[in-house]
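Protein sequences, first through last, are from chains B and W.
Residues in the first sequence are numbered from 1 upward in steps of one, following this note's numbering.
Residues in the second sequence are numbered from 1 upward in steps of one, following this note's numbering.
Treat the hints as calculated values from the structure; they're not laboratory data.
Nothing here was measured: the structure is a model prediction, and the numbers come from that model.
C-beta: ideal position from N, C-alpha, C; glycine also.
It is possible that some hints are incorrect.
As the list claims (entries may be wrong) - Computed list of lysine-lysine pairs in DSBU-like fashion (alpha-carbon distance at most 35 Å, straight line):
hint : chain 1 : residue 1 : chain 2 : residue 2
1    : W       : Lys423    : B       : Lys117
2    : B       : Lys2      : W       : Lys57
3    : W       : Lys179    : W       : Lys460
4    : B       : Lys117    : W       : Lys721
5    : W       : Lys415    : B       : Lys3
6    : W       : Lys552    : W       : Lys460
7    : W       : Lys422    : W       : Lys59
8    : W       : Lys423    : B       : Lys2
Said to hold, decoys possible - Derived contacts from chain B toward chain W, CB cut-off under 10 Å, selection only:
hint : residue
9    : Ser6
10   : Leu7
11   : Asp11
12   : Thr43
13   : Pro119
14   : Glu123
15   : Tyr140
16   : Arg151
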Amino acid sequence: MKKIISLTINDQSHEIAVEPNITLADMLRYELALTGTKKGCDTGDCGACTVIMDGDVVNSCLVLAIQANGSVIETIEGLSTDEGLSPLQEAFVEKGAIQCGFCSPGIIMSAKNLLDKNPNPTEDQIREGVSGNLCRCTGYQKIFEAIESQRS
Amino acid sequence: MKEFDIISTRAHRIDTPDKATGQAVFTDDITRPGMLYGALLQSPHAHARILSIDTSKAKALAGVKSVITHEQAGHIKYGVSPARYDETVFAIDKVRYIGDEIAAVAAVTLEIALAAVELIEVEYEILPAVFTLEEALKEGAPQLHETSPGNLCAEVHQEFGDVAAALKECDIIKTSTMKNKRQDGAFIEMQGCIAEFDNRGVLTLVSSTQVPHYVQRTVAMVLGMDVGMVRVKKPYVGAGFGIKAAANPMELACCILARETRKPVKMNFTRKQVFMYARARHQFSHTITTGAKKDGTLMAIKHECWLDGGAYTSFGIATVYYTGSLLGGPYKIANMSYDGYRVYNNKPTCGAQRGHGAVIARALFEQQVDMIAEEIGMDPMELRIKNMMDTGDTTCNDLNMSSFGMSECIEAVRKGSDWDKKKGNMPTGKGIGMACGFFVSGAGYPIYRSDTYHGTVIVKLTEDGGTALVYTASAEIGQGSDTAFAMIAAEALGIPLDHVRLASGDTDMGVDLGAYSSRQTLMTGHATKDAADHAKAQVLEVLAEQLSVPLKELDIKNGFITFAGDTPDFSALRTRYIKEHRGWIDNPDSEHLTFKEASRIAFLEKGSIVGTGKYKPHNLGGKFKGAAVGTSPAYGCSAQVAEVTVDMETGQVTIDSITDAHDCGKAINLTSVEGQMEGSVSMGIGEAMHEEVIFNDKGQVLNADLAEYKIVTSMDMPRIKAIVVESDEPNGPYGAKEVGEGAIMPTIPAILNAVYNAAGVRINELPLTPERVYFAIQDYKDRMAK
Ligand code: FES
Ligand code: FES
Numbered sequence: 001m002k003k004i005i006s007l008t009i010n011d012q013s014h015e016i017a018v019e020p021n022i023t024l025a026d027m028l029r030y031e032l033a034l035t036g037t038k039k040g041c042d043t044g045d046c047g048a049c050t051v052i053m054d055g056d057v058v059n060s061c062l063v064l065a066i067q068a069n070g071s072v073i074e075t076i077e078g079l080s081t082d083e084g085l086s087p088l089q090e091a092f093v094e095k096g097a098i099q100c101g102f103c104s105p106g107i108i109m110s111a112k113n114l115l116d117k118n119p120n121p122t123e124d125q126i127r128e129g130v131s132g133n134l135c136r137c138t139g140y141q142k143i144f145e146a147i148e149s150q151r152s
Numbered sequence: 001m002k003e004f005d006i007i008s009t010r011a012h013r014i015d016t017p018d019k020a021t022g023q024a025v026f027t028d029d030i031t032r033p034g035m036l037y038g039a040l041l042q043s044p045h046a047h048a049r050i051l052s053i054d055t056s057k058a059k060a061l062a063g064v065k066s067v068i069t070h071e072q073a074g075h076i077k078y079g080v081s082p083a084r085y086d087e088t089v090f091a092i093d094k095v096r097y098i099g100d101e102i103a104a105v106a107a108v109t110l111e112i113a114l115a116a117v118e119l120i121e122v123e124y125e126i127l128p129a130v131f132t133l134e135e136a137l138k139e140g141a142p143q144l145h146e147t148s149p150g151n152l153c154a155e156v157h158q159e160f161g162d163v164a165a166a167l168k169e170c171d172i173i174k175t176s177t178m179k180n181k182r183q184d185g186a187f188i189e190m191q192g193c194i195a196e197f198d199n200r201g202v203l204t205l206v207s208s209t210q211v212p213h214y215v216q217r218t219v220a221m222v223l224g225m226d227v228g229m230v231r232v233k234k235p236y237v238g239a240g241f242g243i244k245a246a247a248n249p250m251e252l253a254c255c256i257l258a259r260e261t262r263k264p265v266k267m268n269f270t271r272k273q274v275f276m277y278a279r280a281r282h283q284f285s286h287t288i289t290t291g292a293k294k295d296g297t298l299m300a301i302k303h304e305c306w307l308d309g310g311a312y313t314s315f316g317i318a319t320v321y322y323t324g325s326l327l328g329g330p331y332k333i334a335n336m337s338y339d340g341y342r343v344y345n346n347k348p349t350c351g352a353q354r355g356h357g358a359v360i361a362r363a364l365f366e367q368q369v370d371m372i373a374e375e376i377g378m379d380p381m382e383l384r385i386k387n388m389m390d391t392g393d394t395t396c397n398d399l400n401m402s403s404f405g406m407s408e409c410i411e412a413v414r415k416g417s418d419w420d421k422k423k424g425n426m427p428t429g430k431g432i433g434m435a436c437g438f439f440v441s442g443a444g445y446p447i448y449r450s451d452t453y454h455g456t457v458i459v460k461l462t463e464d465g466g467t468a469l470v471y472t473a474s475a476e477i478g479q480g481s482d483t484a485f486a487m488i489a490a491e492a493l494g495i496p497l498d499h500v501r502l503a504s505g506d507t508d509m510g511v512d513l514g515a516y517s518s519r520q521t522l523m524t525g526h527a528t529k530d531a532a533d534h535a536k537a538q539v540l541e542v543l544a545e546q547l548s549v550p551l552k553e554l555d556i557k558n559g560f561i562t563f564a565g566d567t568p569d570f571s572a573l574r575t576r577y578i579k580e581h582r583g584w585i586d587n588p589d590s591e592h593l594t595f596k597e598a599s600r601i602a603f604l605e606k607g608s609i610v611g612t613g614k615y616k617p618h619n620l621g622g623k624f625k626g627a628a629v630g631t632s633p634a635y636g637c638s639a640q641v642a643e644v645t646v647d648m649e650t651g652q653v654t655i656d657s658i659t660d661a662h663d664c665g666k667a668i669n670l671t672s673v674e675g676q677m678e679g680s681v682s683m684g685i686g687e688a689m690h691e692e693v694i695f696n697d698k699g700q701v702l703n704a705d706l707a708e709y710k711i712v713t714s715m716d717m718p719r720i721k722a723i724v725v726e727s728d729e730p731n732g733p734y735g736a737k738e739v740g741e742g743a744i745m746p747t748i749p750a751i752l753n754a755v756y757n758a759a760g761v762r763i764n765e766l767p768l769t770p771e772r773v774y775f776a777i778q779d780y781k782d783r784m785a786k
């Protein structure tokens with residue numbers, strides 16, 4: 001039996017009927033076509049599905065859509081502005097922090113959340129801030145550089 | 001060296017803005033109208049005879065559209081090397097590993113497809129299974145393939161020079177062994193695909209692959225179709241590292257389901273299935289003897305290796321050859337023998353992974369080089385430089401180093417790491433070590449025997465003259481190849497990078513063998529330059545005629561036409577261009593004639609301006625059996641220094657830093673080159689420190705997830721100093737060669753040499769778990785005490 005939930009995604013409110021067992025990741029990707037959020041495992045291990053839910057990062061593959069009822073969700077699609085890429089996204093492009101790009105939306109969301117809470121993170125805090133996000137391509141070096149460049 | 005405008009810069013990649021915003025489309029992001037979902041039935045047994053398959057209950061489930069087994073899929077064999085095709089889409093009479101594919105279902109939802117898979121009834125007769133080299137090689141062991149008695153998939157025996165005689169002349173001889181563990185590719189995007197037939201019978205397969213071309217050929221062959229009726233497209237791909245470099249059974253099953261249902265069908269591997277399918281780095285067991293004179297001259301290598309191959313051949317033939325051939329350099333060694341064996345067993349199949357075949361051989365050999373240096377009291381860098389090949393040298397097994405900045409790389413890491421100050425002056429528990437390595441810039445020959453071009457490219461100018469479109473069937477899988485080719489096209493045409501658009505990864509665009517063996521920059525790069533030169537020549541021809549200027553006096557630079565002599569009056573051309581351009585407000589008023597004006601005029605004269613380019617390597621390598629594997633038009637090379645801390649009480653190894661220098665020829669994009677270096681090092685660290693696919697005694701992967709299979713995270717990645725060393729490769733486009741795989745070669749031995757420096761122990765088995773290092777330290781202490 002589908003349930004109706006209401007939530008805010010990237011400043012837009014949604015009312016949507018969902019199966020009780022569908023995850024937030026699948027709802028975003030397959031019901032709302034917000035495919036910027038990726039899935040690299042579906043078991044909470046890779047961080048590719050990272051979104052911000054009520055101010056904290058979550059692995060959206062581990063959250064049921066119905067658990068997100070009433071929540072405020074930010075996804076990668078909400079980051080760019082009318083002017084284009086956000087400064088953080090620009091930094092990822094500029095520093096070469098993106099290779100295959102499959103981890104990138106999740107890492108950028110983790111980095112955004114980190115910088116929102118702590119505009120001046122140390123290297124260790126940056127490492128910790130993206131520790132839930134696996135990247136097999138970059139060796140993280142340029143990801144650290146991109147985030148470091150956004151310290152205020 | 002020539003000055004460049006576009007290449008050798010840090011231009012922003014053309015694909016990353018879309019990847020940063022989530023707009024970039026990967027396979028699973030695509031939905032097709034009426035799409036069905038497919039699921040696979042895979043064997044729960046490592047070795048069993050199939051007595052019967054009953055699909056009736058599955059077929060009867062509401063929402064199921066098709067259930068296929070070998071009866072629908074047919075019995076055509078496929079694999080990687082045509083001489084060794086040993087797989088069928090679905091098992092026919094027997095399954096050989098846990099995960100072997102038996103059937104597939106297409107249904108209106110994934111849930112229904114999965115439920116239907118559960119309803120397929122298979123009767124098995126369980127057979128005894130073998131999981132290790134020893135078990136597989138035992139007298140009377142269960143046999144996997146009738147055609148390979150003794151479970152021996154392949155053996156290679158080679159000798160160059162006279163190893164026995166050379167060893168007799170040696171003052172120092174070192175023999176040691178080394179064993180790694182099966183690695184997993186652990187790319188973040190799992191394999192996925194969507195297959196669809198149109199109403200004229202054309203099949204389009206969208207897939208997360210590194211090699212659209214090989215997938216196209218395999219799909220056409222297995223489905224009995226013309227190659228021209230099969231189109232394989234690769235959207236953005238979440239990396240592959242070699243594992244996605246061949247057609248997989250899911251792609252084939254998906255195409256067959258689409259044929260049976262006449263509907264688009266989507267299929268995805270789960271992460272567990274990625275591990276079950278495997279095709280990643282083999283487990284290698286090496287024994288190497290290296291001999292040297294007391295002045296440090298390296299004389300001979302005697303090398304034996306046993307490869308734990310798994311159930312099928314896959315890339316294994318190439319792997320077992322690469323394992324031997326890539327020890328031929330980077331040192332001058334006149335005598336080398338190699339005996340390699342690849343053995344089947346009832347585990348998932350191993351294949352190619354970054355540094356194909358050569359990583360563990362290098363890890364062992366580079367330690368022996370250090371042992372020899374230690375014994376004669378020579379600095380390991382000095383010993384390496386003393387034996388280093390020179391540019392233009394050829395190895396004993398016929399690999400030609402047409403450019404070779406290896407000694408420069410050593411110098412770069414010596415300085416970059418402060419080696420001279422640190423080496424020999426570190427306290428117990430702290431160590432520094434180094435190693436070298438090299439790798440091909442593309443395989444000299446395609447995987448199937450053919451005289452085909454390895455890459456073809458089309459560069460088309462838009463009719464308004466403003467933009468160049470580059471079409472290539474090559475595969476951007478994260479390494480930055482799209483950007484590299486756009487940069488090469490811009491450089492060759494003489495126009496800004498912004499004026500180049502590029503589309504890739506589609507077999508309709510031409511032939512390109514794809515992303516493997518670090519081939520694209522050199523090979524597709526050549527074809528791109530060729531095509532851009534061709535397009536440019538067509539524009540300049542028209543211009544020469546219209547302006548009555550000798551062709552050779554014309555060129556294009558930064559988007560403007562340049563004249564070697566006096567600038568002629570081009571006002572008539574400009575007026576014509578402006579007339580053509582009515583309604584636009586950006587009419588040219590520059591002092592120089594623009595490329596835009598010139599190519600618009602050229603279009604008006606000629607119609608289409610299409611430049612075509614192609615590339616295949618010249619004939620490479622010797623005449624001996626297996627000479628093709630390891631040949632390449634060019635070799636990239638690198639040196640690395642690792643600094644480590646070893647906790648002498650617990651055996652815990654921490655990597656403090658890595659300094660890495662790589663000679664990539666001319667760097668097309670400096671940032672991308674560094675990215676490949678840093679990524680290679682991280683994969684090497686993972687393999688050295690903690691990556692290991694673990695099996696239970698039934699042949700089942702126990703850590704088939706990214707929590708228990710541990711790749712390097714942001715917490716354990718040391719800072720890397722990446723130093724790009726440029727040389728001018730005569731066989732490369734603008735002098736460029738590889739970086740994608742060579743950079744992993746020295747990582748493991750540099751770490752192992754540093755561990756030895758820190759703790760006095762040589763570890764001959766990976767990964768460097770604290771237990772393993774702890775026991776080695778205890779053993780060392782005991783020996784010291786005696
Ligand atoms: S898909 Fe959610 S953590 Fe991997
Ligand atoms: S860029 Fe490929 S996984 Fe991070």
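Which numbered hints fail
1, 3, 5, 7, 8, 9, 10, 11, 13 and 16
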